[in-house]
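Based on these hints, arrange chain B on the given structure of chain C.
2 protein chains.
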Amino acid sequence: MKFSCVKETLLSALSIAIRALANKANTPILTGLYLKAKDGDLEIQANNNEIGIVTHLEADVEDQGELVLPGKYLQEVTRRLPGEKVYFNFSPENGIVSITSEGVKFSLKNLNASEFPLINRLEGNTSFTIPNNSLIKLVKRTGYSCAGGDAGEARPIFTGCFLTVEEGKIVMVATNTHRLAVEREQPGNPIEELNLIIPVKVLNELVGIIDSEVPVDVRITCTESKISFECENTYIVSRLIEGKFPEYKRVFPKSIATTAVISSKEFADAINRISFIAKTSNSNIIKLEFIAERDPSEALTNTDDEYEADSTVREGKVHISSTNPEIGNADESVPLKLTGKDVNISFNVNYLIDVMKVIEGDTCTLGLNKPLEPIVVQDSDDEEFTYILTPVRTSN
Amino acid sequence: MKFSCVKETLLSALSIAIRALANKANTPILTGLYLKAKDGDLEIQANNNEIGIVTHLEADVEDQGELVLPGKYLQEVTRRLPGEKVYFNFSPENGIVSITSEGVKFSLKNLNASEFPLINRLEGNTSFTIPNNSLIKLVKRTGYSCAGGDAGEARPIFTGCFLTVEEGKIVMVATNTHRLAVEREQPGNPIEELNLIIPVKVLNELVGIIDSEVPVDVRITCTESKISFECENTYIVSRLIEGKFPEYKRVFPKSIATTAVISSKEFADAINRISFIAKTSNSNIIKLEFIAERDPSEALTNTDDEYEADSTVREGKVHISSTNPEIGNADESVPLKLTGKDVNISFNVNYLIDVMKVIEGDTCTLGLNKPLEPIVVQDSDDEEFTYILTPVRTSN
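Note that the protein sequences, when read in sequence, are chains C and B.
Each position in the first sequence, counted from 1, maps to that position plus 764 in this note's numbering.
Each position in the second sequence, counted from 1, maps to that position plus 764 in this note's numbering.
Please note: incorrect hints may appear among the correct ones.
A pair counts as met if it fits within one copy or between any two copies, since identical chains are not told apart.
[As the list claims (entries may be wrong)] Below are the BS3-like pairs computed for lysine-lysine, each with C-alpha atoms no more than 30 Å apart in a straight line:
hint : residue 1 : residue 2
1    : K904      : K836
2    : K1121     : K771
3    : K1105     : K1081
4    : K1121     : K836
5    : K873      : K904
6    : K1018     : K849
7    : K1029     : K1043
8    : K1043     : K771
9    : K766      : K1043
10   : K933      : K990
11   : K904      : K1029
12   : K1081     : K965
13   : K1029     : K869
14   : K802      : K836
15   : K1018     : K1105
16   : K873      : K836
17   : K869      : K1134
18   : K849      : K1081
19   : K1008     : K933
20   : K869      : K1121
21   : K1029     : K771
22   : K836      : K1043
23   : K849      : K1121
24   : K1105     : K869
Just so you know, these hints were derived from the structure itself, not from any lab.
On a predicted model such as this, the values are computed, not experimentally measured, just so you know.
Only chain C is shown next, with the shape it has when bound in the complex (with noise of 0.2 Å):
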């Protein structure tokens, strides 16, 4: 077997295979990278058994044939080479490799390919295209609301976001029961149904992978338990977590008694230098206290039913304030545009940092009602956009 490739080339193909690089080595084949040449071109293959990805690049093929590889170190050497292209030798005699470039050589030893599980095209039942910039959106404005696997006390369920059909729309949707966040795309070409959930692991590696210049469409096709994406060059497979997703639309709150406009970027910077005093202890806790600039006797006189009906939108403020009795305090205050009554609420600042990172628009919007009750947060530039976070109950 004997190839050459442009290095660059080469290197974008290993960074993209490598994400589905098993890490740790139960299984030493699946550490390996599986290079095919033929015909003018080089198949790279990377399968942890979670993740799948097949990607293709030009290559000068002398003498075809394939091999597997340290898939770390070959990205390493291939990195360290000083030339533009790179030459592949290999002699199944001594099972070596020889890698060079501009008369330095590396040499590594070629991994059993027949043990390598090749990754096969799913035939499926479904299949639709959506433009990858619609799926990156998707991904990150709803992924970071996934219950983190690491912890291992997550649902499967809920390490996953669900992807379904409503009114035509593709919708993205992830939770870890805490908070929840929802965003809406338009598909390449119509599809009734489906309802799948998709490992937020491969979908952020998916997002990686598919971020190109120029807009392409990605095509998904999926059977009862996988998953496959392909764009340009890659092709991706992915096993879908088992299991139904609850019927998310209970959690959002079937009335608003008190709306904020307020400015996204004064809001989030406020909650980022409060952030700091409500991490340094476990609990994260930040308090929001939504304050209308009313006229003294009206507070008096109104009652709670008066106020909900009362649709004035008042100048106001929201005061964010956190304690630490070990360590100190923080507060201030950011101006904001009220409807309906005052509200004190707290919550795990974490979640609200998570949600300001996503929004894109100069405000937005937060619907609440009394202080144990789920709060919901829209984006101005962004009306497919939900996100719904729970508050936490606080002592004061």
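Leaving out everything else, chain B in the frame of chain C:
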């Protein structure tokens, strides 16, 4: 106590002082910064008993006083403040210090200033000055050769740099017993004698503190057990390491059988590339074969003694390689000029990488003897620098 100061100036002073904060809080007061506001000046002190730092900045002092704030938190809070100025206000009644800037307010608990071990100015027997860039050069070109203090196995004297005077020059020496680095610089004023071992940890912090755009003098004062450095607004005091530093010149080879002159960049690049294979095993071994281009007849007839007497400069190369039987191997050659006989020699690659990082000249000179005898590395741009490196024994 009430004062204000410019945020950026305060941040710079804090970044200096926190270098002397205790990390682990066996004594909580040592994780605090002592602040004293008086007569338009804010003094900040930190003291972890190994190194103590005093630094000053301008302040508008409305009400003088002293306090101790948790150092890391004070820095984090200051960084987060939005305005140009920072206002401190301490109410001794409740022990709370409020730190405000443009409507943002943090409060931190005051620690007990009377518990803080205040730093006194050293009254030393020996005192001299050295330009800051000379002191930085001494440390940067030798300090990395000290024994790592973390392993806990090194003799204390090898965790510091030896500072002495030879022929009117300041000499700094560092060794971990496997390699040794020496650098010489001119002092700012003549000094006669000096025999100190300064902890390298302190010297590394010092380099960060005294590095200024405009060259300035550093005043050094020593007692039996302590040393102080004074530079602009900052005063640093450190303990010295007790013990007698070995007579380092004993490890200098008395003669050199082979001299190789090589491009620093080409040699460093090759070593860095091949280090990838060397570092995959614990031994970190890299093999160097120095080979001159000779007439074949010459190689057969000359005796060792004749080679040594031969001062002809020949074209040649060093063939650099490393092998890990589990992974593979790497090799390449770099051209050089060789005087004397050919040598095969092996090193811990990290010790070669370290010295190549500090060599600034276009070429470096390697002085070699037998394969198990120390080599001498020199920099074409700096005749005051010498690096001695002991080879490793290999099976082949």
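Results of checking the hints against the structure:
Taking the shortest Cα distances, K904 and K836 sit within 30 Å of each other inside one copy (27 Å), while across copies they are farther apart (33 Å). Within a single copy, K1121 and K771 get their C-alpha atoms only as close as 36 Å, which misses the 30 Å cut-off; across copies the closest is 27 Å, which meets it. Taking the closest pair of Cα atoms, K1105 and K1081 come within 30 Å of each other only inside a single copy of the chain (12 Å); across copies the shortest separation is 83 Å, beyond that limit. Taking the closest pair of Cα atoms, K1121 and K836 come within 30 Å of each other only across two copies (26 Å); inside a single copy the shortest separation is 32 Å, beyond that limit.
Within a single copy, K873 and K904 get their C-alpha atoms no closer than 39 Å, and across copies no closer than 39 Å, so neither meets the 30 Å cut-off. Proximity of K1018 to K849 under the C-alpha cut-off of 30 Å is found in neither arrangement, the shortest distances being 62 Å within a copy and 47 Å between copies. For a Cα distance limit of 30 Å, the shortest separation of K1029 from K1043 inside one copy, 20 Å, qualifies, whereas the shortest one across copies, 46 Å, does not. Taking the closest pair of Cα atoms, K1043 and K771 come within 30 Å of each other only across two copies (23 Å); inside a single copy the shortest separation is 45 Å, beyond that limit.
With identical chains, the CA atoms of K766 and K1043 are at most 30 Å apart between copies only, with a shortest distance of 28 Å across copies and 56 Å within one. Within a single copy, K933 and K990 get their C-alpha atoms as close as 21 Å, which meets the 30 Å cut-off; across copies the closest is 73 Å, which misses it. Taking identical chains as interchangeable, the C-alpha atoms of K904 and K1029 lie at most 30 Å apart only when both belong to the same chain, with a minimum of 19 Å there against 43 Å between chains. Taking the closest pair of Cα atoms, K1081 and K965 never come within 30 Å of each other, the shortest separation being 39 Å inside a single copy and 49 Å across copies.
In the homo-oligomer, the alpha carbons of K1029 and K869 lie at most 30 Å apart only across protomers (19 Å), although the nearest pairing inside one protomer, at 53 Å, exceeds that limit. Proximity of K802 to K836 under the C-alpha cut-off of 30 Å is restricted to the intra-copy arrangement: shortest distance 23 Å within a copy versus 59 Å between copies. Taking the closest pair of Cα atoms, K1018 and K1105 come within 30 Å of each other only inside a single copy of the chain (17 Å); across copies the shortest separation is 89 Å, beyond that limit. In the homo-oligomer, the alpha carbons of K873 and K836 lie at most 30 Å apart inside one protomer (13 Å), although the nearest pairing across protomers, at 49 Å, exceeds that limit.
For the identical chains of this complex, K869 and K1134 are inter-copy neighbours only, at 28 Å across copies versus 69 Å inside a copy, given an alpha-carbon limit of 30 Å. In this homomeric assembly, K849 and K1081 come within 30 Å of each other (Cα to Cα) only across copies, at 24 Å, whereas the closest approach inside a single copy is 61 Å. In this assembly of identical chains, K1008 and K933 lie within 30 Å of each other by CA distance solely inside one copy; the values are 20 Å within and 78 Å between copies. With identical chains, the CA atoms of K869 and K1121 are at most 30 Å apart between copies only, with a shortest distance of 23 Å across copies and 46 Å within one.
For the identical chains of this complex, K1029 and K771 are inter-copy neighbours only, at 22 Å across copies versus 42 Å inside a copy, given an alpha-carbon limit of 30 Å. With identical chains, the CA atoms of K836 and K1043 are at most 30 Å apart between copies only, with a shortest distance of 14 Å across copies and 36 Å within one. In this assembly of identical chains, K849 and K1121 lie within 30 Å of each other by CA distance solely across copies; the values are 28 Å between and 41 Å within a copy. Proximity of K1105 to K869 under the C-alpha cut-off of 30 Å is restricted to the inter-copy arrangement: shortest distance 26 Å between copies versus 73 Å within a copy.
Hints 5, 6, 12 from the list above are not met by this structure, while the remaining hints are.
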